[in-house]
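Peer 1: Chain residues, written in single-letter form:
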Amino acid sequence: MFLTGNAGVRLSDGAKRGLLTVLTVFIGVLVVAGSVLFLGKNQQEPAVLAATVIGTASTPQGELPHATVELSIYPNPSSSVPGPVPVGSRIGDPRSANAPSGWPFYWPSTTLQLPANSLITMTVHQYDGSTTVWNNYFAKVHGTVDGTAIYNGKAQKEIEPDNVAHTFTIHQYAEVTQDGFFVSVPMLAVPSNAKNEANGYPKPQDITFSFITGDPGEYVWNCEDPCGYGYVNFGGVMSERGWMSGTVTVV
Amino acid sequence: MTAVIHEQQAVPQPKQHGKPGGFLRHTNIVTGVLLGVILAVATYVIGGLLVPWGTEDSNFAQVGQEALIAATYAAWVIGFMIGIGAFAGPIRWWLGHDLTHADAEYMAGKDQGKWKYWKYTTDHKVVGIQYLVMAMALLGFGGLLAMLIRTELGVTWAEVFDPNFYNSIIGTHGIVMVIAMIIVVAGPLGNFIMPLMIGARDMAFPRLNALSFWLLFAAVPPLASNLLLGGIRDGWTVYQPLGTQAPVGMIGYQICIITFAFSTGIAGVNLITTIVTMRARGMTWNRVPIFVIGILAAAIMGLVWFPMYQYSQVLALSDFAFQSSFFIPQNGGSVWLYENLFWLLGHPEVYVIVIPATAALLELMVVFLRKPLFSYKIAVAGFAGVVGISSLVWVHHMYMTGWSPAAGYPFMLSTELISIPFGFLVLVMLGTIWRGKVWTRLPMMCVYAMIWNKIIGGITGVYLSDVPVDQYMHGSMFVVAHFHFMLMGAGLFGAMGAIAYWFPKMTGRMLNERIGSIGFWLSFFAFQLTFGSMFVAGLQGQPRRVLQFDNAFNVSNWLSTIGAYLIGVGMLIFLYAIITSWRSGQVAPSNPWGAKTLEWQTATPVPLENFPVLPVVTSDPYDYGVPDPYLAIEKKLSDENQDVTAGAR
Amino acid sequence: MSELAANTQSAVPRSATTGEPVTTTARRNRLGIWMCIVSDATGTVALLVAYVYLWSLNVNNAWAPPKDTWADPIPFWLITAGVIVATLAMWWAVSGIRAGRTGQFVAGSVIASLVTLVTLIGQIVQLSTFPFDITDGAYASATFWLCIATALHLSVVGFLTSAMIGRLRAGRITREDHSHARLVAMWMTWVCVAVFAGAFFATTLNASPNSNSPTFGTFQE
Amino acid sequence: MSIVDDRPAAGSDQPEEPTNRPDVTYRLREWLSRPYVRPILTMFVVFCLLVIPIGWLVVFFMNMSGAPASDIMSEIEKTILVFTIVSAPLMAITLTIIIYSLVGWGRVTGDEPPMQESPAIRSNAIGTYLWIGATSLLAAFLVIWGLVELATITASSYGSVSANQQPNAVKPIDVNVTGQQWLWSFEYPDQGKISNEVLVVPINTPIYFNVTSVDVIHSFWVVELGIKIDANPGAITNTGVTPNKLGNFNIRCAELCGMHHAYMETQIQVVTQDQFDSWVREMGGKRTV
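Protein chains in written order, with the numbering used here: chain C, 986 to 1236; chain X, 35 to 683; chain G, 5 to 225; chain A, 1212 to 1500.
Don't read these hints as lab results, they were simulated from the structure.
Virtual Cβ for every residue (Gly too), placed ideally from N, Cα, C.
Treat each hint with caution, since some may be false.
[Unchecked claim] Computed cross-link-like contacts, DSS-like style, restricted to lysine-lysine with a CA-CA straight-line distance of at most 30 Å:
no.: 1; chain 1: X; residue 1: Lys144; chain 2: X; residue 2: Lys49
no.: 2; chain 1: C; residue 1: Lys1180; chain 2: C; residue 2: Lys1142
no.: 3; chain 1: X; residue 1: Lys670; chain 2: X; residue 2: Lys471
no.: 4; chain 1: C; residue 1: Lys1125; chain 2: A; residue 2: Lys1289
no.: 5; chain 1: A; residue 1: Lys1404; chain 2: C; residue 2: Lys1139
no.: 6; chain 1: X; residue 1: Lys144; chain 2: X; residue 2: Lys630
no.: 7; chain 1: X; residue 1: Lys53; chain 2: X; residue 2: Lys144
no.: 8; chain 1: A; residue 1: Lys1497; chain 2: C; residue 2: Lys1139
no.: 9; chain 1: A; residue 1: Lys1497; chain 2: C; residue 2: Lys1026
no.: 10; chain 1: A; residue 1: Lys1497; chain 2: A; residue 2: Lys1382
no.: 11; chain 1: C; residue 1: Lys1001; chain 2: X; residue 2: Lys148
no.: 12; chain 1: A; residue 1: Lys1404; chain 2: A; residue 2: Lys1289
no.: 13; chain 1: X; residue 1: Lys148; chain 2: X; residue 2: Lys53
no.: 14; chain 1: X; residue 1: Lys471; chain 2: X; residue 2: Lys669
no.: 15; chain 1: A; residue 1: Lys1404; chain 2: A; residue 2: Lys1456
no.: 16; chain 1: A; residue 1: Lys1404; chain 2: C; residue 2: Lys1001
no.: 17; chain 1: A; residue 1: Lys1404; chain 2: A; residue 2: Lys1497
no.: 18; chain 1: A; residue 1: Lys1456; chain 2: A; residue 2: Lys1497
no.: 19; chain 1: A; residue 1: Lys1382; chain 2: A; residue 2: Lys1404
no.: 20; chain 1: C; residue 1: Lys1142; chain 2: A; residue 2: Lys1456
no.: 21; chain 1: C; residue 1: Lys1188; chain 2: C; residue 2: Lys1142
[Unchecked claim] Okay, the calculated bits of chain C under chain X, using three or more residues with CB under 8 Å as the criterion:
no.: 22; stretch: 1001-1009
no.: 23; stretch: 1209-1220
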């Protein structure tokens, strides 16, 4: 130990103590910084999926840039669709590590990035079966341009509560100053008797809806239809980013 | 009196079964951990065979997964306790092979050097040191988690951690710190110092003493492992039914609490029995050092109320692993049942933390002021009052739950009444300080720190005890800042003072006060910054346990985070002072402070049976000080007065 | 000093472990057992509170088991009777050893052990033959846990009583020093109270008094 | 070490209590003449004056996100001011004594136990009675004030009295609040069961909330209006408020409820009666009668 002074460096007792104190603090700082970097979520969230701008569109708020996003909801991973990293490999939850076979998820990503003050048209291909929503409020369409969503070409204001597979629900991260950003669209379920096709999934339901983004900000979205497990089926996928919930960054 | 030792040899010894110590000669922490891990793995594998992987219920959850994990954790605890040798005692009792004197001496760690700290050693001094190290380790772990929390809250523009992981961090930080604070004074000092203080040779039940520590040791790994198993995602209170939604990490928490409750209960039995039955001859109840009274009070509260918490976790585990329905409303469970069971311990537990620290500081004040304790009886009355009322105030944690709004009236009453006995303790502190010459050493500085923090914690507590105000502040950062002022500001800074005071007796070396004070004062002032600005955040309306919030709260959170980092630095410096002094500090005389309590009258390091001969007490340990000069003046005045009246006659 | 002198001269045997008079250690142990009883009582109260509170609330009208199949009261009272008999036998044994009648002590403790064993088996049978499962609503859960607690109490008692013979033969229980036997009897007396309370609530409080509790997740009362 | 502790018995080194003492005023003057008394009294007064403003500081911070928007909130802030003022003296005397003792009565440093000892004051009847009297009075005042305030607030937030039994002239508007992971939704049963995720209410009209949850415990906190009640699964809790200020205010969840607890926020929009009626109409509900 060089501080003992054998290595030619002669240090007074006080100076030695001082140095060792600083060293202790330094080690502590390293430990904290290391844990933050190691446990931080950056490498844990799926890659960003940015909306592709395809020109402009006329909206109630006049002429706005127009962008589109395309998502799919798969009932479970398969050879063709690997699905997100099982949470288990991140935080070692045996249940999620051992039971992804039945875990539905949004694909290709749940980390969305949308342009600010523009019209967003989102298309979702929904491959999953139905579960009943707890609150019929989420079987209705909210926050889209004309309050409707297009289900397989047919515009509807709401769908059967028993026929909801999932919902896509952005909710505001409220500042009193900024007005809310709330979009909630129920996803139509595929009939239970539908038979699987070559890719191992049934014929999807196509849902399309448009909404207008406001000023830049950070928002979160999640599914409001109980499709996980645990108490009221809100454990598991329902409580994991990358599966049934994610973030929306408006830039 | 020297006869005592002689008699011990005179006592006819029963047949010695094997070498002294018997089975315990072969057990130590290594065998314990080995057996615990082996048993846990075996349980997990065998259970996995019974319920093969991929067996999923309609929701694609692993069938029987929770029960399996619960069994695994239980297997760890039981295996460890077998391996450390905890069951040797009961089996010997069952066979009638009670301990001979030789056995007892071996188990007390006679002639085993440092190795005795890693064994099922019954000597109260060994257990005290074990508790001290364990408490410091837990504080370090909890402190690291605190740094992570403040990092997340300081980075106001983005999420640093996954929200679930953040929730797990705050939960784990909470419960780790609560456990650490419960043991940090009553563990090391209650075990090491208290028996010396009352002039006993050991605790009443030495083997239970070792048992209580090793149960605590066995309880920690399940708790820490919850972070690897999905975490406890709902704070240290783990309100149900959110708990039943969490991943299996929750079971780690529940097994930890169930085990820790056994540990606390056993320690409580031991402390109470020791204090009541083992005081030195002549130590009547009005001569007992006040610290002992404080430990007694804490032990009583822990012993009586901890089972409530324990059973709340037993029932929660039953809900989680076996789908029973104590807290599942669909099946007739009630969320209010959990809240009541939890807070029935949850509030007394606050006093279990604060009371021993307060009592320790009362004990050392007299030494550094060279004054007797101001009205001992009032202090005892204060402790008694707190113990009495503490069991009648738990609902003030539930004002806003909607559980019987009418209950707000009586419980607001009891909550504000408890400030009177607590005021007694402040009176004793102030009365002792009054007109005293302060010997400015580190332990005494902790007294000032504690009184200051208690003032702030007290006034904010006055706000929170009031239902209408609580209607705004409940569940906000204000509450967090308030109980940190009580638990950390009063509890931890008090504990630092107490440990600094008894450090020479426990380790045989003086604490390096230069470095120690730097760390102490840095953390004290940083503490004010951290939680002062946290008060502001709460008043502005920031809820607890959020990882993102309105920009309105940014500034106060930035300040709070800076302060938290500084606390961390200060604590590290203090820790360094402790470690370096322990290893190479200047050797301490047997009574460096010139104190009059019994623990300072015996040698340092303390011999195996504490006292060569048991002392006899003839007065209370507080007769410091010189006659009050003003009394003499008054005497003179009154005498003159007498003459005057005489002359008039 | 005089007291000490008395100790040295008197015939009171001394604990081999600490060299104190066994009367001293006996007093100490008795206080310890009282403390254990206090602590265990709080736990038992927690279970009873859970039972009564859920019974009184009847959340979501889900207190009652399916088709109101309440548990049969008889087994509860049989088990309570068993515990009480065992305890009386133990006290009888203690009075025997106190008077130096070793035979009575042996007989009493053997009876106590056997009765406890039978009661424990009975408790396990009851647990496995309930007309409902632990998942069938709050009543089922609460009743199951009351009985599990009884089973745990009984197994502890079984361990204690079965040790008596061995300790007698090892000379640890004598006419002068029979405190451990008394402690066991004290503990068993408390277990009687706990078991009785559980049986009382589980058999008397069945149908919930609250019939108009709100339906889960709605605003209809 | 001596076996038998031969320390003198407690207090034996003090002179016996003086007989027929001088009269009270004389002793008071004697006490006031002691060197440390006047500074302490001055410090006490100063600290009192310093402590009291804390109350306004607290209220100032509470108002940073907007002034009180209901009588309840005003009552809460009044209570805080009063409590600060009444507990100021106790805080002040404590502060005074600890600070003065650091400077006023002499300090000893050094590693050896100090030789010179302090006066052996084991008790002081007057001081003790004063302190206990003061704390008890304070506690009594807090209790009485708190009970009265609680009664007032319970009345104006309708405690647990159902809406149709309210003694108000204006008929309250019922709102069914449903908390769920991680959103609030509000249903207006009397306005044709319309529902919305933002709470829109008319000004100066009593609003009566029925609160429940469909999953875990949430806590319904309307910040600037100063009301808070848990949303419990399997139970309905009630509260109410009369907003008296137009504008948008925060609604937050104050009980940890899972992953997105931090994001479980929405707004309450206090509007005029006409705006409210038109809003109800466009939501497809029927007008309030």
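Peer 1: Please name the hints from earlier in the document that this structure breaks, with their numbers sorted from lowest to highest.
Peer 2: 4, 9, 12, 16 and 20
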